[in-house]
Amino acid sequence: QKEVEQNSGPLSVPEGAIASLNCTYSDRVSQSFFWYRQYSGKSPELIMSIYSNGDKEDGRFTAQLNKASQYVSLLIRDSQPSDSATYLCAVNKGAQKLVFGQGTRLTINP
Amino acid sequence: GAVVSQHPSWVICKSGTSVKIECRSLDFQATTMFWYRQFPKQSLMLMATSNEGSKATYEQGVEKDKFLINHASLTLSTLTVTSAHPEDSSFYICSARGLNAYEQYFGPGTRLTVT
Chain A
415 QKEVEQNSGP LSVPEGAIAS LNCTYSDRVS QSFFWYRQYS GKSPELIMSI YSNGDKEDGR
475 FTAQLNKASQ YVSLLIRDSQ PSDSATYLCA VNKGAQKLVF GQGTRLTINP
Chain B
33 GAVVSQHPSW VICKSGTSVK IECRSLDFQA TTMFWYRQFP KQSLMLMATS NEGSKATYEQ
93 GVEKDKFLIN HASLTLSTLT VTSAHPEDSS FYICSARGLN AYEQYFGPGT RLTVT
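Chains as they are written, first to last, in this note's numbering: chain A, 415 to 524; chain B, 33 to 147.
Chain B extracted, bound-state conformation (with noise of 0.2 Å):
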């Protein structure tokens, strides 16, 4: 069980452009969703929460106009990259944990590069 979905795996965008990433539980219901970043050689990085129905809350330093989260229902969250930039070149992590749990389960991570 604990089952979280990210898609794509990885992917390749141009300067100026949006990359939505999608982070799915599969086989629970995640009321609270998290989106990491990690550089390599780094530890994990919050960038923000998100409960499902409400706004996120960012860490500080974290621009939520260029980071987007959604998080419309128990099973889904979303993160758009806005106006990618190289510095915005990153492993993005989501994790996911169910209603009165404490662990996080973390998705396989998707590989953003921008050129």
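If we strip away everything but chain A, and leave its shape as in the complex, we get (with noise of 0.2 Å):
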């Protein structure tokens, strides 16, 4: 079993819906998680962090954890075709590093 899983894509959503975004993880005590953005030939950039249980908003973008169940989740609402990229799931695993997914590739249908 991976660390952090995420399914691969590609994940097609209309102009204008909700895209829903999701990762799943092995170790029960990872503390914080983070989603990354990356565009095809740029480096991630940080889109959420989240820490407890619940909803985080941010925007247009709403991180989910599941603490119980191993999962965090990424909304994106009113998806626009700037949205269209990779996104990374990020974990911590123990002081320092972060274990990253594999990544979900999204494209928004103008």
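Hint data in this document are derived by calculation from the structure and do not stem from the laboratory.
Please note that the accuracy of each hint is not assured.
Stated by the list, open to error - Pairs of lysine-lysine, DSS-like flavour, derived with a Cα cap of 27 Å: (1) K416/A to K507/A; (2) K52/B to K98/B; (3) K456/A to K507/A; (4) K98/B to K87/B; (5) K456/A to K470/A; (6) K73/B to K98/B; (7) K416/A to K73/B; (8) K98/B to K481/A; (9) K511/A to K481/A; (10) K511/A to K73/B; (11) K507/A to K98/B; (12) K481/A to K470/A; (13) K52/B to K73/B; (14) K98/B to K511/A; (15) K511/A to K416/A; (16) K456/A to K96/B; (17) K511/A to K46/B; (18) K416/A to K456/A; (19) K456/A to K98/B; (20) K87/B to K511/A; (21) K470/A to K416/A; (22) K511/A to K470/A; (23) K456/A to K46/B; (24) K470/A to K507/A; (25) K96/B to K511/A; (26) K96/B to K416/A; (27) K507/A to K46/B; (28) K96/B to K52/B; (29) K52/B to K511/A; (30) K96/B to K507/A; (31) K507/A to K481/A; (32) K511/A to K456/A; (33) K98/B to K470/A; (34) K96/B to K73/B.
As the list claims (entries may be wrong) - Which residues of chain A face chain B? A few of them, derived with a C-beta cut under 7 Å, are: (35) G430; (36) S454; (37) S457; (38) P458; (39) I461; (40) M462.
We put the beta carbon where it would ideally sit given N, CA and C, even for glycine.
Need the complex rebuilt from these two chains, each delivered in its own frame; the hints are there to steer you.
What follows is the structure, encoded as structure tokens:
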């Protein structure tokens, strides 16, 4: 079992709809969770961090964390073509390292 | 805030030569910096973790004598690829984390091509 698992996609969502990205992790003691967006040929960009169970909203983005189920998700409301990218879920392992999932490729169709 | 720069953004070198990549945190002090490499259509692979003033900790399978990392100050880390070979061609990305912080902020990356 991979430490952080994501559906690689591609996930296609029509413009204006809600895109839902999911991630599961195996290490129950993980405490910090992050979503990064990576455009093709570019480096990852941090878009959300979440540390407590529940929802955290920032603009069109909502991160959801359920530690009991070891599940993290990212919702993107009112999806725009510019949201088309690969989304990486990352989990803090130990004191320093992040463990990344393989990423979900999201395409927003105009 | 939380801006990380890398230089150069791309470099082409001949096989057998060495290449140095710089990573700088511009608006915060980075107590920890990380170096990753990424091949096309693959996820990030952590190469090493460096704390300011300490030796870097390399991931399993990464040759520390080939990939020299120096983190001499709270705003600068360097990665030197020694005796580069074509198989070292890749996208090298650094990230930085501040004191008592969990978030990592990535630099824009350096695309290395070894001919």
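Outcome of the hint check:
no.: 1; hint: K416/A to K507/A; verdict: holds (13 Å)
no.: 2; hint: K52/B to K98/B; verdict: holds (12 Å)
no.: 3; hint: K456/A to K507/A; verdict: holds (24 Å)
no.: 4; hint: K98/B to K87/B; verdict: holds (15 Å)
no.: 5; hint: K456/A to K470/A; verdict: holds (26 Å)
no.: 6; hint: K73/B to K98/B; verdict: holds (24 Å)
no.: 7; hint: K416/A to K73/B; verdict: holds (18 Å)
no.: 8; hint: K98/B to K481/A; verdict: violated (40 Å)
no.: 9; hint: K511/A to K481/A; verdict: holds (19 Å)
no.: 10; hint: K511/A to K73/B; verdict: holds (22 Å)
no.: 11; hint: K507/A to K98/B; verdict: holds (26 Å)
no.: 12; hint: K481/A to K470/A; verdict: holds (14 Å)
no.: 13; hint: K52/B to K73/B; verdict: holds (25 Å)
no.: 14; hint: K98/B to K511/A; verdict: holds (22 Å)
no.: 15; hint: K511/A to K416/A; verdict: holds (16 Å)
no.: 16; hint: K456/A to K96/B; verdict: holds (26 Å)
no.: 17; hint: K511/A to K46/B; verdict: violated (33 Å)
no.: 18; hint: K416/A to K456/A; verdict: holds (25 Å)
no.: 19; hint: K456/A to K98/B; verdict: holds (25 Å)
no.: 20; hint: K87/B to K511/A; verdict: holds (16 Å)
no.: 21; hint: K470/A to K416/A; verdict: holds (26 Å)
no.: 22; hint: K511/A to K470/A; verdict: holds (23 Å)
no.: 23; hint: K456/A to K46/B; verdict: holds (24 Å)
no.: 24; hint: K470/A to K507/A; verdict: holds (21 Å)
no.: 25; hint: K96/B to K511/A; verdict: holds (18 Å)
no.: 26; hint: K96/B to K416/A; verdict: holds (26 Å)
no.: 27; hint: K507/A to K46/B; verdict: violated (37 Å)
no.: 28; hint: K96/B to K52/B; verdict: holds (14 Å)
no.: 29; hint: K52/B to K511/A; verdict: holds (23 Å)
no.: 30; hint: K96/B to K507/A; verdict: holds (22 Å)
no.: 31; hint: K507/A to K481/A; verdict: holds (15 Å)
no.: 32; hint: K511/A to K456/A; verdict: holds (21 Å)
no.: 33; hint: K98/B to K470/A; verdict: violated (42 Å)
no.: 34; hint: K96/B to K73/B; verdict: holds (25 Å)
no.: 35; hint: G430; verdict: violated (29 Å)
no.: 36; hint: S454; verdict: violated (9 Å)
no.: 37; hint: S457; verdict: holds (4 Å)
no.: 38; hint: P458; verdict: holds (5 Å)
no.: 39; hint: I461; verdict: violated (11 Å)
no.: 40; hint: M462; verdict: violated (10 Å)
The structure does not agree with the numbered hints 8, 17, 27, 33, 35, 36, 39 and 40 stated previously, though it agrees with the rest.
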